[in-house]
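Participant: Sequence:
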Amino acid sequence: MRIPLDNLGAIHDPASGIAMRGSEIAAAVARATGTLRRHGVAPGDSVIVAHGGSAHFFIDLLAVWQAGGCAACVNASLLPDELANVTGFTGARLVLAGDGYKGGEPGARLVDTRSETDEPAAADDRASLDDPALILFTSGTTGDPKGVVHTFRSLLARLALNRTHLGVETLARTLCVLPTHFGHGLIGNCLTPWLAGHDLFLFQQPGVAGAAKLGALVDEHRITFMSSVPSFWKIALKLGKPPEGRTLRRIGIGSAPLSADLWLRVAAWSGAPVANMYGITETANWIGGAASDEFAPEDGLIGRLWGGNAAVLGEDGTLRKAGEGELLLQTPSLMQGYLKRPDLTEPVLKAGWFHTGDIGRIDADGTMRLVGRQKDEINRAGQKVNPAEIDLFLERHPSIAEACCFGLPDSISGEIVAAAVRLVDGARDDAAMLKSWAADRLRHEIVPEKWFIVSDIPKTDRGKVSRRIVMQACLDSVKR
0 MRIPLDNLGA IHDPASGIAM RGSEIAAAVA RATGTLRRHG VAPGDSVIVA
50 HGGSAHFFID LLAVWQAGGC AACVNASLLP DELANVTGFT GARLVLAGDG
100 YKGGEPGARL VDTRSETDEP AAADDRASLD DPALILFTSG TTGDPKGVVH
150 TFRSLLARLA LNRTHLGVET LARTLCVLPT HFGHGLIGNC LTPWLAGHDL
200 FLFQQPGVAG AAKLGALVDE HRITFMSSVP SFWKIALKLG KPPEGRTLRR
250 IGIGSAPLSA DLWLRVAAWS GAPVANMYGI TETANWIGGA ASDEFAPEDG
300 LIGRLWGGNA AVLGEDGTLR KAGEGELLLQ TPSLMQGYLK RPDLTEPVLK
350 AGWFHTGDIG RIDADGTMRL VGRQKDEINR AGQKVNPAEI DLFLERHPSI
400 AEACCFGLPD SISGEIVAAA VRLVDGARDD AAMLKSWAAD RLRHEIVPEK
450 WFIVSDIPKT DRGKVSRRIV MQACLDSVKR
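Residue numbers for the sequence shown follow numbering that gives the first Met the number 0, so the first one is 0 and each next one is one higher.
Using 25 Å as the maximum straight-line C-alpha spacing, the simulated SDA-like pairs for lysine to any residue come out as follows:
| id | residue 1 | residue 2 |
| --- | --- | --- |
| 1 | 478 | 468 |
| 2 | 478 | 457 |
| 3 | 374 | 471 |
| 4 | 449 | 412 |
| 5 | 374 | 467 |
| 6 | 478 | 422 |
| 7 | 233 | 468 |
| 8 | 463 | 395 |
| 9 | 212 | 169 |
| 10 | 463 | 214 |
| 11 | 434 | 400 |
| 12 | 240 | 211 |
| 13 | 339 | 349 |
| 14 | 374 | 444 |
| 15 | 233 | 302 |
| 16 | 463 | 356 |
| 17 | 349 | 331 |
| 18 | 237 | 205 |
| 19 | 478 | 407 |
| 20 | 434 | 423 |
| 21 | 145 | 468 |
| 22 | 233 | 297 |
| 23 | 463 | 230 |
| 24 | 458 | 53 |
| 25 | 101 | 142 |
| 26 | 463 | 368 |
| 27 | 145 | 356 |
| 28 | 463 | 264 |
| 29 | 233 | 428 |
| 30 | 383 | 436 |
| 31 | 237 | 459 |
| 32 | 463 | 347 |
| 33 | 101 | 113 |
| 34 | 233 | 214 |
Just the calculated beta-carbon pair ranges, DEER-fashion:
| id | residue 1 | residue 2 | range |
| --- | --- | --- | --- |
| 35 | 272 | 427 | 34 to 42 Å |
| 36 | 431 | 129 | 56 to 64 Å |
| 37 | 297 | 350 | 27 to 35 Å |
| 38 | 118 | 297 | 56 to 64 Å |
| 39 | 431 | 163 | 49 to 57 Å |
| 40 | 383 | 267 | 33 to 41 Å |
Keep in mind that the hints were calculated from the coordinates and are not lab data.
From the three backbone atoms N, C-alpha and C, an ideal C-beta is built for every residue, glycine too.
Please build the complete structure, drawing on both the sequences and the hints.
Facilitator: As structure tokens, this is what we get:
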């Protein structure tokens, strides 16, 4: 597939000070395309890209596309058995490695395109817009993988819509602090600005030390846009000084529920409009957002759709343009389906609508709000409880830094509500005190009955909370 290479932005590594101009990257892509072609990559072939967060990653990605292949981007820290499982599932011809590769023997030919010198090759024009371009895995690297397949058409549609709604000036100098093997980091933060000729700064998974330097980094490189997850901002606000240069034009926050309190604190810290962005891997990143210069921040508010249609499916099976129910979407950036998993695809792609599994509310003017996740719902004696709603409320308590609620089996109610909470430094509240506080403010059926005070709430490599993992960690702590 021919992706224009004459208008690529520069890619900068703030940690090393190294930068590659767009023209240098384009030349490297042509050489890497020649390498892939020599190894037999042709239109329709899957190629695993098992590294990320560098200019080399983007050179390999574009080379796969220029050769007409489909890039399966995976977490560089996959264990050997996991990588072999994904490679076998995709039928990948090659696994492309980079710095720090630890995947062992992947079950396919292992190639580092930097170490092989080939003549530049032009793009293969046989691939069409509706051929698979990208596979992003959301789960299943140890079992049956769940790989979201996007075509060139869905990706290009999403990039165009993102640029239209964010604007050229906003994207001029974009900072990515997220991994490049999932949609928020790859499509939203990186491909959206970079393929349009804007500068991209990669500060991958900076951790606590890096988050503390965020303000200085923004000032030094005159960053105009960045987007990350709520857990990143909780660390950055606690440890880092705000930027002084006022170069930020917009900040996006997504991939997990954003509380109104955190939303307002990020806006105050940055001096820029902050948007609660909504999007999932199946829609190729963002499909909408609510910015603080247009909306008053509130829990669950995600604004209006960026192209396409939204509706809600009521419990009676009726599809409505306004009201509350499961959020359904029609968007030009919708996935083709889950790779080799019709059992997963058919239940969510129906009659032209994608069933998100999110419980939402749409106002008459098209403004959307999220209430919770359908699959996370707790069934307490027939009453449906959305844990995300309780999480956000509990985090209003001055002693609670982070909360994660989940259901536990109960012989009488079916399930009860449990809460894992991480306290702010120095807080001395106990479970009884927190339960009493919640009971005074929440309706009876959603007050957590079981409380776990924990030192950490584990996240996935995407910065998301897995309620199942948190629940298991809490139960294991009781057994010890």
